[in-house]
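A.B. asks: Same order as they appear, the protein sequences are chains A and B.
Per numbering that gives the first Met the number 0, the very first residue in the first sequence carries number 0; after that it's consecutive.
Per numbering that gives the first Met the number 0, the very first residue in the second sequence carries number 0; after that it's consecutive.
To be clear, the hints were calculated from the coordinates, so they are not data collected in a lab.
It cannot be assumed that every hint is accurate.
[To be verified] So the derived label-pair ranges between C-beta atoms look like this: (1) A/64 with B/19: 20 to 30 Å; (2) A/80 with B/75: 26 to 36 Å; (3) B/95 with A/22: 46 to 56 Å; (4) A/46 with B/168: 16 to 26 Å; (5) A/42 with B/95: 26 to 36 Å; (6) B/178 with A/1: 21 to 31 Å; (7) A/42 with B/36: 10 to 20 Å; (8) A/25 with B/65: 35 to 45 Å; (9) A/42 with B/171: 41 to 51 Å; (10) A/19 with B/135: 15 to 25 Å; (11) B/144 with A/80: 21 to 31 Å; (12) A/46 with B/24: 32 to 42 Å; (13) A/42 with B/45: 25 to 35 Å.
[To be verified] Computed footprint of chain A on chain B; a stretch qualifies when at least three of its residues, placed anywhere within it, have a C-beta under 8 Å from a C-beta of chain A: (14) 50-61; (15) 159-170.
In this text, all values refer to a predicted model and were calculated from it rather than measured experimentally.
Here a beta-carbon is modelled for each residue, glycine too, at the ideal position from N, C-alpha and C.
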Amino acid sequence: MSRVHDIGGQTGFGPVPMAEDGQPFHADWEARVFALNRVLGGRGVFTTDEFRDAIERIPAEEYLAAGYYERWLRALETLLAERGLA
Amino acid sequence: MTGTHSELPVAARVRQLEERVIAAGLATDAELDDVLARLYDGASPVNGARMVARAWADESYFRRLLADGNAAAGELGLGDPYGLGYRLKAVANTPQQHNLVVCTLCSCYPVSLLGPSPSWYKSLAYRSRAVRKPRAVLAEFGLELPAGTEIAVWDASAETRYLVVPARPAGTGEMPEDDLAALVTQRGLIGTAVV
C-alpha cells in the first residue's frame with residue numbers, strides 16, 4: 000500500500016507554483032534544520048533512506064499540511080527520539 | 000517523544016532540538032555553521048553548467064559523463080561533498096528526446112551541482128504532475144517542445160539523482176567553455192527549460 004508521500008501521477012494539486020526568489024531557505028530555522036540533517040547524517044545517526052522513511056511515516060494529514068522543512072523537522076525529531084539520542 | 004513538540008512554534012522546536020543535539024554531543028555549532036557556509040559558497044548550478052560546457056566542448060568527456068556521472072563530476076573537482084553516496088546519472092537532450100527530472104516521492108536532487116533546489120521542484124504540484132502531464136507542466140514553464148520530441152521523465156531517488164545535459168545551442172561553435180557554461184541555467188539542468 001502506498002503512503003501519502005507517493006504522489007506521482009495524482010491529480011488535484013493545481014498548477015506548479017512558479018514563484019522563485021532564489022533563496023534556499025525562507026527562515027533561519029529552515030537553514031538550521033537543513034544543517035542538522037547533514038551533520039547527523041554525516042555522523043551516521045541515520046541514513047538517507049532512514050530519513051526519507053521518517054518523512055514518509057508522517058501521518059497523511061500532517062504531511063500534506065506541513066511545509067517542506069517542517070516535514071524534515073518532524074523526521075529529525077522522530078529519528079532522534081526513536082534512537083533515544085535527543 | 001517529548002509529546003509537546005507539535006504545540007510549540009516551529010522555530011522554538013528547532014532551537015530545542017538543536018540544543019538537545021549539541022548537548023548529546025552529536026553536533027557542534029561550528030559543524031552546523033560549516034554545512035551552511037559550504038552550501039552558500041559551493042552549491043550552485045554553475046557547477047553543473049561547467050560539466051555541460053565541458054561535455055559540449057569535448058566529445059570524449061561527454062561520453063564519460065553519460066557512462067559515469069560521478070566520475071565525470073570528480074574529473075572537474077565536483078565530487079559529492081556531503082558523502083551522500085548517490086549515483087549521478089547524466090541524461091542528454093536530443094532532437095528526439097527531451098529529459099525532465101522530478102522526485103515524485105520527495106525532493107532528491109544533486110544540490111552541489113544544481114544549487115539549492117527551487118521551491119517548485121519540492122512542490123506537491125510538480126511532484127505529482129511531472130510524471131503524468133509532462134508536456135503540460137513544461138508549457139507552464141514556457142517550454143513548448145515540437146510534437147515529435149518525446150519527453151523522458153526521470154524520477155530521482157535517494158540512490159540515483161539526475162543532471163540533464165541540454166542540447167548545445169546553434170551558433171556556439173567557436174565559443175570558449177566559460178561562455179558556454181554561462182548559457183546553462185538551473186532549469187536547463189532539471190529539464191524545465193532548454194538552453
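A.B. asks: Hint by hint, say whether it matches the structure.
C.D. replies: Status of each hint after checking the structure:
For the pair residue 64 of chain A and residue 19 of chain B, the supplied restraint of 20 to 30 Å holds, since their beta-carbon distance comes to about 25 Å. A hinted range of 26 to 36 Å for the beta carbons of residue 80 of chain A and residue 75 of chain B is inconsistent with their spacing of about 41 Å. The hinted window of 46 to 56 Å between residue 95 of chain B and residue 22 of chain A is violated, with their beta carbons roughly 37 Å apart. At about 41 Å, the beta-carbon gap between residue 46 of chain A and residue 168 of chain B misses the expected band of 16 to 26 Å.
Taking 26 to 36 Å as the suggested C-beta distance range, the pair residue 42 of chain A and residue 95 of chain B does not conform, at roughly 46 Å. Judged by the Cβ atoms, the range 21 to 31 Å given for residue 178 of chain B and residue 1 of chain A is violated: they are separated by roughly 46 Å. For residue 42 of chain A and residue 36 of chain B, the Cβ-Cβ distance of about 18 Å falls inside the hinted range of 10 to 20 Å, so the restraint holds. Between residue 25 of chain A and residue 65 of chain B the Cβ separation comes to about 36 Å, which falls inside the hinted range of 35 to 45 Å.
The hinted window of 41 to 51 Å between residue 42 of chain A and residue 171 of chain B holds, with their beta carbons roughly 45 Å apart. At roughly 19 Å, the beta carbons of residue 19 of chain A and residue 135 of chain B sit within the given window of 15 to 25 Å. The given range of 21 to 31 Å is broken by residue 144 of chain B and residue 80 of chain A, whose C-beta atoms sit roughly 47 Å from each other. A hinted range of 32 to 42 Å is violated for the C-beta pair residue 46 of chain A and residue 24 of chain B, which are about 20 Å apart.
A beta carbon spacing of about 29 Å between residue 42 of chain A and residue 45 of chain B agrees with the range 25 to 35 Å that was offered as a hint. Coverage of the region 50-61 of chain B by chain A is violated. Counting CB-CB distances below 8 Å, 0 residues qualify, and the rule asks for three or more. A count of 0 residues in the region 159-170 of chain B with a Cβ less than 8 Å from any Cβ of chain A is obtained; the coverage claim is therefore unmet, three being the minimum.
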